[in-house]
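When you get a sec, could you build the whole thing from the sequences and use the hints?
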Amino acid sequence: MNPLLAELLVLPILLPLLTGALLVLINERHHKLKFVINQVSCLLLLALACWLLWLTDGPATGENILVFLAANWSAPFGIVLIGDRLSTLFMLLAALLANCALIFSYSRWARLGVHFHTLFQLLLMGINGALLTGDLFNLFVFFEVMLAASYGLLLHGYNITRIRAGMQYIVVNLLASVFFLLGIALVYAAAGSLNFADLAAKIPMLDDSARLLLHTAAAMLAVAFLTKSAMWPLGFWLPTTYSAASPPVTAMLVLLTKIGVYIILRLNYLWFGDNAGASAHFGNPMLLLGGLLTLAFGAVGLLASQDSGRIASYSAVISSGTLLALIGYGEHLTLSAMLFYLISSTLAVAAFVLLTELIERIYTPADSVFALSMEFFAPEEEKHESAGVAIPAAMAFLGLTFAACALIISGLPPLSGFIAKFSILHQLLQSRNDMASWLFLLLLMLAGLTAIISLMRFGVRSFWTAQSSQSPRLKLSEAGPVSLLLVLCISMAVLAGPLHTLLERVADDLQQTERYIEQVLERKVISKEAL
Amino acid sequence: MELILALAIGVLFSSGIWLILRPRSFQVITGFMLLSYAVNLFIFITGKIHINKAPLTLDGVPVDPTRYADPLPQGLVLTAIVIGFATTALYLVVLLGSRGLTGTDHVDGKERDHDE
Numbered sequence: 001m002n003p004l005l006a007e008l009l010v011l012p013i014l015l016p017l018l019t020g021a022l023l024v025l026i027n028e029r030h031h032k033l034k035f036v037i038n039q040v041s042c043l044l045l046l047a048l049a050c051w052l053l054w055l056t057d058g059p060a061t062g063e064n065i066l067v068f069l070a071a072n073w074s075a076p077f078g079i080v081l082i083g084d085r086l087s088t089l090f091m092l093l094a095a096l097l098a099n100c101a102l103i104f105s106y107s108r109w110a111r112l113g114v115h116f117h118t119l120f121q122l123l124l125m126g127i128n129g130a131l132l133t134g135d136l137f138n139l140f141v142f143f144e145v146m147l148a149a150s151y152g153l154l155l156h157g158y159n160i161t162r163i164r165a166g167m168q169y170i171v172v173n174l175l176a177s178v179f180f181l182l183g184i185a186l187v188y189a190a191a192g193s194l195n196f197a198d199l200a201a202k203i204p205m206l207d208d209s210a211r212l213l214l215h216t217a218a219a220m221l222a223v224a225f226l227t228k229s230a231m232w233p234l235g236f237w238l239p240t241t242y243s244a245a246s247p248p249v250t251a252m253l254v255l256l257t258k259i260g261v262y263i264i265l266r267l268n269y270l271w272f273g274d275n276a277g278a279s280a281h282f283g284n285p286m287l288l289l290g291g292l293l294t295l296a297f298g299a300v301g302l303l304a305s306q307d308s309g310r311i312a313s314y315s316a317v318i319s320s321g322t323l324l325a326l327i328g329y330g331e332h333l334t335l336s337a338m339l340f341y342l343i344s345s346t347l348a349v350a351a352f353v354l355l356t357e358l359i360e361r362i363y364t365p366a367d368s369v370f371a372l373s374m375e376f377f378a379p380e381e382e383k384h385e386s387a388g389v390a391i392p393a394a395m396a397f398l399g400l401t402f403a404a405c406a407l408i409i410s411g412l413p414p415l416s417g418f419i420a421k422f423s424i425l426h427q428l429l430q431s432r433n434d435m436a437s438w439l440f441l442l443l444l445m446l447a448g449l450t451a452i453i454s455l456m457r458f459g460v461r462s463f464w465t466a467q468s469s470q471s472p473r474l475k476l477s478e479a480g481p482v483s484l485l486l487v488l489c490i491s492m493a494v495l496a497g498p499l500h501t502l503l504e505r506v507a508d509d510l511q512q513t514e515r516y517i518e519q520v521l522e523r524k525v526i527s528k529e530a531l
Numbered sequence: 001m002e003l004i005l006a007l008a009i010g011v012l013f014s015s016g017i018w019l020i021l022r023p024r025s026f027q028v029i030t031g032f033m034l035l036s037y038a039v040n041l042f043i044f045i046t047g048k049i050h051i052n053k054a055p056l057t058l059d060g061v062p063v064d065p066t067r068y069a070d071p072l073p074q075g076l077v078l079t080a081i082v083i084g085f086a087t088t089a090l091y092l093v094v095l096l097g098s099r100g101l102t103g104t105d106h107v108d109g110k111e112r113d114h115d116e
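Chains as they are written, first to last, in the working numbering: chain D, 1 to 531; chain Y, 1 to 116.
Hints may contain errors.
Said to hold, decoys possible - Result set (SDA-like, lysine to any residue): computed pairs, CA atoms no more than 20 Å apart in a straight line:
{"hint": "1", "chain 1": "Y", "residue 1": "K53", "chain 2": "Y", "residue 2": "L72"}
{"hint": "2", "chain 1": "Y", "residue 1": "K48", "chain 2": "D", "residue 2": "T216"}
{"hint": "3", "chain 1": "Y", "residue 1": "K110", "chain 2": "Y", "residue 2": "P23"}
{"hint": "4", "chain 1": "Y", "residue 1": "K110", "chain 2": "D", "residue 2": "S243"}
{"hint": "5", "chain 1": "Y", "residue 1": "K48", "chain 2": "D", "residue 2": "S209"}
{"hint": "6", "chain 1": "Y", "residue 1": "K48", "chain 2": "D", "residue 2": "K524"}
{"hint": "7", "chain 1": "Y", "residue 1": "K110", "chain 2": "D", "residue 2": "K475"}
{"hint": "8", "chain 1": "D", "residue 1": "K475", "chain 2": "D", "residue 2": "S209"}
{"hint": "9", "chain 1": "D", "residue 1": "K524", "chain 2": "D", "residue 2": "W73"}
{"hint": "10", "chain 1": "Y", "residue 1": "K48", "chain 2": "Y", "residue 2": "V61"}
{"hint": "11", "chain 1": "Y", "residue 1": "K48", "chain 2": "D", "residue 2": "L55"}
The set of hints was computed from the structure by calculation and includes no laboratory data.
Written out as C-alpha cells, the structure is:
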C-alpha cells in the first residue's frame, strides 16, 4: 500500500474545520448557501468515511492499519492519527447521521439562530478527531472541541428550557473534563506516555505501585467517558438535555453518547485486554454492573415517560446500558453482536427523535410552538414560507415510520433491532452460564417489554386519540431523512450476513492488540527521498 | 516543597468542590475556576518537581537528561489552561443568559418554593 494514503486521515478533521471557518464568514441571510456548503461538506465526509473503511477493510491493504504521523514524528513522540476498521466504521455512522440531521434541519431548525452550520461542522470535526486520534491528550482536545460545539448546538434556538438544560449539561461536562485531565496526568505519572499503543505495550510491564496509580487513572478516565455515555448514576443529565434540544441536535447528541462507548471499547480492549498481565480485564466487573444498572434504570424510566423527548432519552439510556454491560461482559463472541446493536439502535433512536417532532404536529400546530423561540435571533428576511407541499397520506407515513422505529427500539421482528437483540441473547446463552448472563438476559427482555409498552402508549395517544383530524403537513426535507435512517435499518436487516462478517473482522481487530501496537509504533516516518 | 504543593492542590480542590455544590451559578463558576487551577497544578507536578531546570535543550550543548525538566506536563498544562479558560468563558455567557431570561441566578433557573 502506498504510505501516502495514510495522509488521508487528516482530511476528516481538516475538512469540517475549514468548512466551519468558511461558514462563519457568510452572512446568515444567505442561509441557503450556507446549507449547501454544509451539506456538500457532509457528503464529502460520507464519501471519505466510505473510502477509509474500504481502505482499512478492503483486500488491497491486507491487514494494514492506517497511521498518520503528524509533522512526520514517529509514534510515541509525535501525534498520531490512527484509522482502523473500528474507527472508520464509527466515522461512517457519524457521517450518515450528520447528513440526515442536516437535511432535517433545513426547513426550519437551522434558521432558528445564528451559526448553526458552523457549530455543526465543528461538532463533526470533534467527533472525527476523537475517533481517529491515537493519543490521550489529543483525545481530550478533540473531546473539548466536540463538547464546546455541542454546548452551542444545545443552546441553539435559545429559550428558557434550553438555557436551563444547557446550564446543567455544561456543568456536568466541565466536571467530567476535570476528571479526564486528572486521569491523563495520572496515566502520565504512572507510565510516562500518553500514546495509546505505547501505553498498551507498557502496561503489562508496570511495577505494582505504578499499576495502582494506573488503575486509579483508568477509573478517573472512566468517570469522564461514562458520564458521556450516560451510565447510571452519571447519566442524569441525559433526559433533560435530550428533550430540551432541537431534534436535529438531539439526533447528533445520540451519536455523542456512542462516542463515549467507542472510547471505552477501544481503551478497555487495548489497555486491559487479554495481554495486559495483572491488569487484564480490570474494569470489566464495574462496567458490567454499571451497564446492568443503567439498563434497569432506563427500563423503569421509559415506563414512566409520557412525552416523546423522554421516551427517546430513555431509549438511548437503555442502548448505552446494553452496550456498556456487553463491554463489561468481556466475551469476545458478543463483540460483533454488540456492534450490530450499536449501529441499529443509534440509527433507530435518531430516527425516532426526528420523527417525534413531526408526530407532535398532529396535535399542536407547528407555528405556535416556535413562536416564542423564533423571536430571538430570527434572521431578518424570515418571511413565513408556506408549509410546503403536503405529502398525501402524511398520517400513513407517520404511522408506518413510527411503527418501524418502535419495532427496532424494542427489538421485535422483523427489523434490525430484532436481529441485534437475538444475536446478543444467542451469544449470552452460548458463552457463559453464570448469574450475570441470566440477569443480563432478564433485564434485556424486560427493557424490551417496557419499550413496547411505552411506545404503544405514546402511539395510541398520538395517532388514535388526536383531537384534530387534519393530517399534518410534511416537507420532503423532513420526511426524507427519517425514511433514509429507517431504510438503513431495514437494509441492515436484509444484509445482516455480510454486515455481520464485517463486524466480526472489526471485533477481531479489537482483540489483536499486538498488531495494533506493532503497526503504530513501527510506522516509519516518510523519508525525504519518498517525497 | 512537595508538601506545600500537595496542600495547595488539596485546598483548591476542596474549596472548588464545595463551591460547585452551591445553588448560585456564580458560586459554581468560581468553583470551576478553583478546580481548574487545582487540576493544572496537579498535571504540572506529574513531571516531578524540579527547581532551576530548563524544559528545553540548548543548541550546541550536549543533552544530559538530568539537567532538564520534563517538558511534556508543561505543554499539557498550557493547553489545559487555554481550554479551561475558553470553556469557563462559555459557561459565563450561558450563566448571564440564564440570569437574563429566568431572572434568577439559581442553577435550576428557578428559586426553590420555600428557600431555607
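Next on the checklist: Could you work out which of the previously given hints the structure breaks and list their numbers from low to high?
Outcome noted: 6, 7, 8, 10 and 11
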